[in-house]
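Peer 1: Start from chain A and add chain B according to the hints.
Number of protein chains: 2
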Amino acid sequence: MALRFELLSTHSSGARRARLHLPHQTVETPVFMPVGTQGTVKAVPQGILEELGPDSQGAQIILGNTYHLYLRPGHDLIARLGGLHKFISWPRAMLTDSGGFQVFSLSGLRKISDEGVRFRSHLDGSSHMFSPEHSMDVQIALGADICMAFDECTEHPADEARAAESLRYTMAWAARSLNHFRANQHKVPWHKEIINSDGTLGTQSLFGIVQGGMYPHLRRESAERLVELDFDGYAIGGLSVGEPRELTREVISTVLPLLPKDKPRYVMGVGFPDEIVEYARMGVDMMDCVIPTRAARHGLLFTSQGRMNIKNRQFAEDQNPPDPACTCPTCSRYSRAYLRHLMQTGEPLGGTLNSIHNLAFYLTTMANLRRELEVNP
Amino acid sequence: MALRFELLSTHSSGARRARLHLPHQTVETPVFMPVGTQGTVKAVPQGILEELGPDSQGAQIILGNTYHLYLRPGHDLIARLGGLHKFISWPRAMLTDSGGFQVFSLSGLRKISDEGVRFRSHLDGSSHMFSPEHSMDVQIALGADICMAFDECTEHPADEARAAESLRYTMAWAARSLNHFRANQHKVPWHKEIINSDGTLGTQSLFGIVQGGMYPHLRRESAERLVELDFDGYAIGGLSVGEPRELTREVISTVLPLLPKDKPRYVMGVGFPDEIVEYARMGVDMMDCVIPTRAARHGLLFTSQGRMNIKNRQFAEDQNPPDPACTCPTCSRYSRAYLRHLMQTGEPLGGTLNSIHNLAFYLTTMANLRRELEVNP
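Chains as they are written, first to last, in the working numbering: chain A, 54 to 430; chain B, 54 to 430.
Accuracy of the hints is not assured; some may be wrong.
The list cannot tell twin chains apart, which means a pair is met if one copy fits it or any two copies do.
Unchecked claim - Simulated pairs of lysine-lysine, DSS-like, Cα-Cα distance not exceeding 30 angstroms:
1. 314 - 139
2. 240 - 139
3. 139 - 364
4. 245 - 139
5. 95 - 139
6. 364 - 164
7. 164 - 314
Keep in mind that the hints were calculated from the coordinates and are not lab data.
Extracted from the complex, chain A is given alone in its bound form (with noise of 0.2 angstroms):
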């Protein structure tokens, strides 16, 4: 079986606490997601991101980028390897984008028609085809415990022409994921060793993504039409895209009261730590997003006291942790002073430094917020 999404309580805010049954992890929600790109959480070691956070629960679902290992080590290769999970050792969950967001991103190098996006390879400038088909048979072959469909995430601004015809890409696209992922999703020679907590088989999840531009009657169309399409979850993608903060609130707060109430809810791509409290809050379950990560190798840190660029040259002597009320690796064992150094003379364990302190800031982060749920339900 797919998921089991068990809802514990929900807040007269719309916050929601619930288990998230997967395969290879019962995830607790709201749950923050860190993103292993090319198949690491760029540069911490799986070892500590599994005892990162309060009580060292560690993160309990990370992603993997589809177009990314697509590109390499290609998804064949890590399919004979016995899957994601194995190639990188990560026993816990995973979800695995559907390669659209990426594909996205490459703008100049891709073309869009009915079949799919043709794009170039950013590597090496080589042409490649994503069609719904292809990027379910790529997550399949990856094995996460959560796919996604595939969908064209509209640019911001993008007129309402623009976006309708983005949309109707989406939705033509959500079908055929949907289909295909039904038919195929077996096919991996590993599926029967997956079992549920439960002793029955674990199977794949597949997400539908909720597109629609900025357009509140766009976004509504899609998120009902996906609903009758019966996901096992549901997304919310296109935002982070440029948008002022208060667009992204309101294409969240249209498209929420849409979605089932039984099924997980999952916002893309955000955001800094007061947003995702914030959409959390709002009754959204799931997020990620590169920012701890990304932040963490430019110097910047998130702490309880507010963001921290350690490269300043005031905390050249400063013998404090980088924030004082945190517990993780990072906070236990060094000084600003010396992460300051780290990065001043361009040392790697830098990155590795302030990314465990960033995740551990996330994850704490949520973590509070569970316990604050379930403290005052």
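Peer 2: Just chain B now, with coordinates in the frame of chain A:
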């Protein structure tokens, strides 16, 4: 008191087993010392470094580079923050080089006189002067357990006149280093906080460095004169500068018999795994080298089955651990296929996981040799 050298056994080959009692750590020799150039063993978190190798003993002693730390973040800053151990959060033993070798590597950017070496920073071209006295001041400020006399590293090849002139600098600077070190070694604010395991006040030790190029009579002269000065230990420098390995061996075997049996002997900047075993069997107690970490970042792994370029295509689908005989965190968890993928994609985790394995291999190599010497005295 400075270090205490406890000789446990001497073998017919010349190999010795000993304990080196230093303020921060009792080091078992023969020992390999990972290099932490800028206050970090590149790409490896300190917590992992503490648990590498057999019995999770970890690295007992690591190096810091005086030249690099002088430039960034500056020895005065490190002194104000309580010394290098505290700054980088490394509670075990440390050794700092004198800066002489790094300045030597600058070649075109330096000018040597009796006073010392004037050089230009590789970072911004600014002009600096390292004299024996200044090198001692910097190393006292850094506070490592073992400091090195300021020497002039002779290039290879060098004719006899050049080698003799270079040695003249080294010998004059050795005496000045020792005098200045003895007079000033307590001039750090935290020096009374360092206590040996037997309750005595822990102080820094100073090693002299034997130079003389590839000329046996110059090497002999250097060793004999240094021994008269009575250092806490003796290093053989000016090796691994491009000479053939027979010559390295010859210099070591010329010098070792001239050094006192009751003090530690350190060959600087070597080598490959088979070299460090060979030199240890000749009676060398301590060695350091960047090879394990530098090679790792380029995908070269040292294993029980020999060298392995993990980037080779043949490993693309190889699910074996890098070294099936190794129990390090990398070999316990990851496959050759995954490590290759990380290198192919330029992911920072590749350098980290490879470095962890190579360092574990070096530490295990020395631990196995120590065990062999213990079992067959």
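Peer 1: Hint by hint, say whether it matches the structure.
Peer 2: So, going through the hints one by one against the coordinates:
1. 314 - 139: Neither. Shortest intra-copy (33 angstroms) and inter-copy (53 angstroms) distances fail the 30 angstroms Cα cut-off.
2. 240 - 139: within (17 angstroms within a copy, 55 angstroms between copies)
3. 139 - 364: between (37 angstroms within a copy, 20 angstroms between copies)
4. 245 - 139: within (15 angstroms within a copy, 52 angstroms between copies)
5. 95 - 139: both (18 angstroms within a copy, 28 angstroms between copies)
6. 364 - 164: neither (41 angstroms within a copy, 34 angstroms between copies)
7. 164 - 314: Answer is neither: 37 angstroms inside a copy and 76 angstroms across each miss the 30 angstroms cutoff.
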